[in-house]
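K.L.:
Chain A is fixed; fit chain B onto it per the hints.
Chains as they are written, first to last, in the working numbering: chain A, 1 to 379; chain B, 1 to 422.
Just to be clear, a hint being listed does not mean it is correct.
[Stated by the list, open to error] Derived DEER-like restraints, expressed as beta-carbon distance ranges:
| # | chain 1 | residue 1 | chain 2 | residue 2 | range |
| --- | --- | --- | --- | --- | --- |
| 1 | B | Glu113 | A | Tyr39 | 27 to 35 angstroms |
| 2 | B | Phe185 | A | Arg330 | 30 to 38 angstroms |
| 3 | A | Glu225 | B | Gly398 | 50 to 58 angstroms |
| 4 | A | Arg5 | B | Gly96 | 40 to 48 angstroms |
Since the hints were made in silico from the structure, they are not lab data. Heads up, the beta-carbon is just placed ideally off N, CA and C, and yes, glycines get one too.
Okay, here's what each chain looks like letter by letter:
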Amino acid sequence: MSRMRLTQQEADPIGAITAAPLVVIGAVLAFGASVVLTYAHWSEVGSPLVALLGIVLVALAGLAAAISAAPSRAPFSAERLWLVVALAVGAAIAEYVSTIGADRYLYDDFGPIVIGMLILSLAPYCTWMSLILAGVLSAAVLSILVVGTATTTAIAPPLPALIAVNAAAVLAMSAAAAGYSFAIVDETLAWQREANRAALHRDADLRAGIARSVQQSRVSVLGREVLPFLAGVMTSDRISVADADRARELAEALRRALKAGIESTWLDDLAATVRMSRGIPVVIDDPVGAAADLAADQRSALTALLSWLSEGSHSSAIRVSIDGGGRRRRIDILAEPGASPPSRRELDRFAAVARAVSMRAEVAVTRDNVSVELSHVPD
Amino acid sequence: MQIADGPERRTTMTLGLPGHLARDSLSRALAHAGHCAAWVCLGIGAVVGVIGATIGGDPAGWVGAALTTLMAVLLVLVARYPTVTLTLVYLVVGTGTVLALAVLVMDPAYRFETTNNVILALPRIALILVGGAGTGSVLAITWATLGYGLGEAASFLGAALAGGDWAPNFAAATAFGIVVVVRAFDGLSRRSDSRRETGLHRASQQTRELVIRHDYELRATARLHDTALSHLVAIAAAGSGPVDQRLRDGIRQDLGLIVGRDWAIDHGQAVQSSGTGRGRDRGETATVASSADDTPTLETAFAAAANAGLAVRMTGDLGVLGALGPARAAALDAAVAQCLVNVARHADVAEAELALGLGDGEVTVAVMDSGVGFDEREVPEDRIGLRTSIRARIEQEGGTVRLWSTKGIGTTIVLTVPEGGE
Numbered sequence: 001m002s003r004m005r006l007t008q009q010e011a012d013p014i015g016a017i018t019a020a021p022l023v024v025i026g027a028v029l030a031f032g033a034s035v036v037l038t039y040a041h042w043s044e045v046g047s048p049l050v051a052l053l054g055i056v057l058v059a060l061a062g063l064a065a066a067i068s069a070a071p072s073r074a075p076f077s078a079e080r081l082w083l084v085v086a087l088a089v090g091a092a093i094a095e096y097v098s099t100i101g102a103d104r105y106l107y108d109d110f111g112p113i114v115i116g117m118l119i120l121s122l123a124p125y126c127t128w129m130s131l132i133l134a135g136v137l138s139a140a141v142l143s144i145l146v147v148g149t150a151t152t153t154a155i156a157p158p159l160p161a162l163i164a165v166n167a168a169a170v171l172a173m174s175a176a177a178a179g180y181s182f183a184i185v186d187e188t189l190a191w192q193r194e195a196n197r198a199a200l201h202r203d204a205d206l207r208a209g210i211a212r213s214v215q216q217s218r219v220s221v222l223g224r225e226v227l228p229f230l231a232g233v234m235t236s237d238r239i240s241v242a243d244a245d246r247a248r249e250l251a252e253a254l255r256r257a258l259k260a261g262i263e264s265t266w267l268d269d270l271a272a273t274v275r276m277s278r279g280i281p282v283v284i285d286d287p288v289g290a291a292a293d294l295a296a297d298q299r300s301a302l303t304a305l306l307s308w309l310s311e312g313s314h315s316s317a318i319r320v321s322i323d324g325g326g327r328r329r330r331i332d333i334l335a336e337p338g339a340s341p342p343s344r345r346e347l348d349r350f351a352a353v354a355r356a357v358s359m360r361a362e363v364a365v366t367r368d369n370v371s372v373e374l375s376h377v378p379d
Numbered sequence: 001m002q003i004a005d006g007p008e009r010r011t012t013m014t015l016g017l018p019g020h021l022a023r024d025s026l027s028r029a030l031a032h033a034g035h036c037a038a039w040v041c042l043g044i045g046a047v048v049g050v051i052g053a054t055i056g057g058d059p060a061g062w063v064g065a066a067l068t069t070l071m072a073v074l075l076v077l078v079a080r081y082p083t084v085t086l087t088l089v090y091l092v093v094g095t096g097t098v099l100a101l102a103v104l105v106m107d108p109a110y111r112f113e114t115t116n117n118v119i120l121a122l123p124r125i126a127l128i129l130v131g132g133a134g135t136g137s138v139l140a141i142t143w144a145t146l147g148y149g150l151g152e153a154a155s156f157l158g159a160a161l162a163g164g165d166w167a168p169n170f171a172a173a174t175a176f177g178i179v180v181v182v183r184a185f186d187g188l189s190r191r192s193d194s195r196r197e198t199g200l201h202r203a204s205q206q207t208r209e210l211v212i213r214h215d216y217e218l219r220a221t222a223r224l225h226d227t228a229l230s231h232l233v234a235i236a237a238a239g240s241g242p243v244d245q246r247l248r249d250g251i252r253q254d255l256g257l258i259v260g261r262d263w264a265i266d267h268g269q270a271v272q273s274s275g276t277g278r279g280r281d282r283g284e285t286a287t288v289a290s291s292a293d294d295t296p297t298l299e300t301a302f303a304a305a306a307n308a309g310l311a312v313r314m315t316g317d318l319g320v321l322g323a324l325g326p327a328r329a330a331a332l333d334a335a336v337a338q339c340l341v342n343v344a345r346h347a348d349v350a351e352a353e354l355a356l357g358l359g360d361g362e363v364t365v366a367v368m369d370s371g372v373g374f375d376e377r378e379v380p381e382d383r384i385g386l387r388t389s390i391r392a393r394i395e396q397e398g399g400t401v402r403l404w405s406t407k408g409i410g411t412t413i414v415l416t417v418p419e420g421g422e
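This is chain A alone, in the form it adopts within the complex:
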């Protein structure tokens, strides 16, 4: 995928979850700045109601930013950025109207700072192009306002200089936001390319190793019974009744193994691995093998969740059921809490990762059980 259309949230979901509190901090600081600066230039305010409206709009913009960046609402859509920017620009216009004709200093206007701060704090959730666009468009609106203010300012430099200076805060902060978004996506993709290359390299070794280790698995156990039996028949003169019965049994077992092999998926194998290595019962209820329809990154997200649930006494039993009917597949993960039950917050992290790979995710934690509901539409 092109890095132009990727956000950090998509490329590195954990990074975006980690950054969520920063949006709240940014929103609070923006609100604080609007209150402090409005108080500082209160003498210039002609209509207090509109000034208050400006502050309320800043609060709304901050609220919209914080809510829409919350991990539970991932993935962040481009419309949310525009909502936040529109509210913040509205606040800047309200501030302009409240001090119209009396604004002595552009320097103590909160408009540019608030818009820039909110764009900056949303950097992990937007593409660098949309961040630049948001910055440039807001700067354009601010520039129109400056033309109206230019006649009243204490210092009267050439108008273009005033426009450039007034746009500095918004442009600088959106440049920072876009620079961050671009760099972190670039770094993440570079690492992923490297990791995938290494993984492909490793696959060759893995295949050889697995091919050998498969001979230790259930198939080869069966093989070790079937092959000596056939060799025995081949070298003997007669087939006994017991031989015929044994042949029937083995043929049946072989058919069952193949059927089970075809019907089982990687998820069954994961469950078997978890059962063996961690001693936690894991039941997979996937009658139509719908787990095979998950994309590679969706599998990784589910594997990470199941592995984490089975580690560190987070749960004592896990049940995964996949509803294969309908266009949207539902995956219910139900865990009985272990000695150190998972917190909602910890599970939200996995839910956010799942959302980053085009799945819907709901987490419910009660005293008796933990449930994560994932759903996706197969390609």
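P.N.:
Frame of chain A; chain B shown alone:
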């Protein structure tokens, strides 16, 4: 039993950054963010300077534009080579710029009341956003603090020199505050190590392994199913009685195919080139029959192999034989047939591999087996059909025969004939 392409062939994607890289990557990305903002500030500083010099007719504007441009160029170097030396050079030049601009701007003619003004804020913010050498939050905050402190000191000194009033710059303080908050937050949030806890990277590796393993298990089961099931069913159906000779031969052939080999691997390749197990011969016939009517085939060779009970795995396209005239193709076919007969007679294996290729105006067929092999010098004159049946035929068509054989490893014979011919 044909197994469809395994799901591991889907594109794989590793999610996110691993914990050990997150620190450096985030640090670099934050530094880059700072640099972008700094370039915008310096760019606007330069633009304002040029506007002042041209529209405003104030020659001091040129000085401001030149100094901020110099800072921007130096910052490019710092971004490109984040060394301690370059960082220090940038801080020194930046401090000088702030000092010079403070002296210029605080001239009473500009009517700025204090140093808390937007013109001085621009280079000062760029000074704070130096990023600097090294990675990590503490180091980044240290460089930013230096930038902030030096800028404040320079504007204080500049104001004193120009006779203006000093006041802390609000915009610079805000920029410094943002840097500290973001860097501190980044440093603290990484302590919780949620990346390692989530184990995404490990999970994606595990998923790959599971998919590959599942695929192999299925192929191995299918292989066993294909080769052994018909025998088991035959034994069960026969009931008690003497062992049928055909059953005995069938079992012998299939056991030879399976036992003591990495049969899962072989099977994986075999399903793509031919039928398997008991259906192997039918698969081969189907391949031959599916070739276009007027394209030469290796019909004789496959028939000879089938007669000798030899399984043949083929890679490459039979269509390359279309580059040969019918007589030359027939000669090649006969030579390959003789090679396969030799494998069946002497190599002590039940399987041979054929590879077909076209290149440099030549058609090449390689016949490979992993049988007992031989030392060419020890081969009795009369035994191998190599001399007459193979070499003579191929050389008559202007081609070459090369042979490699190692005892215990196997034999490879490469037959090459030029394109065309009758």
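K.L.:
Take the hints in turn and mark each one as holding or not.
P.N.:
For each hint, the structure was consulted:
no.: 1; hint: B:Glu113 - A:Tyr39: 27 to 35 angstroms; result: violated, 19 angstroms
no.: 2; hint: B:Phe185 - A:Arg330: 30 to 38 angstroms; result: holds, 36 angstroms
no.: 3; hint: A:Glu225 - B:Gly398: 50 to 58 angstroms; result: holds, 55 angstroms
no.: 4; hint: A:Arg5 - B:Gly96: 40 to 48 angstroms; result: holds, 43 angstroms
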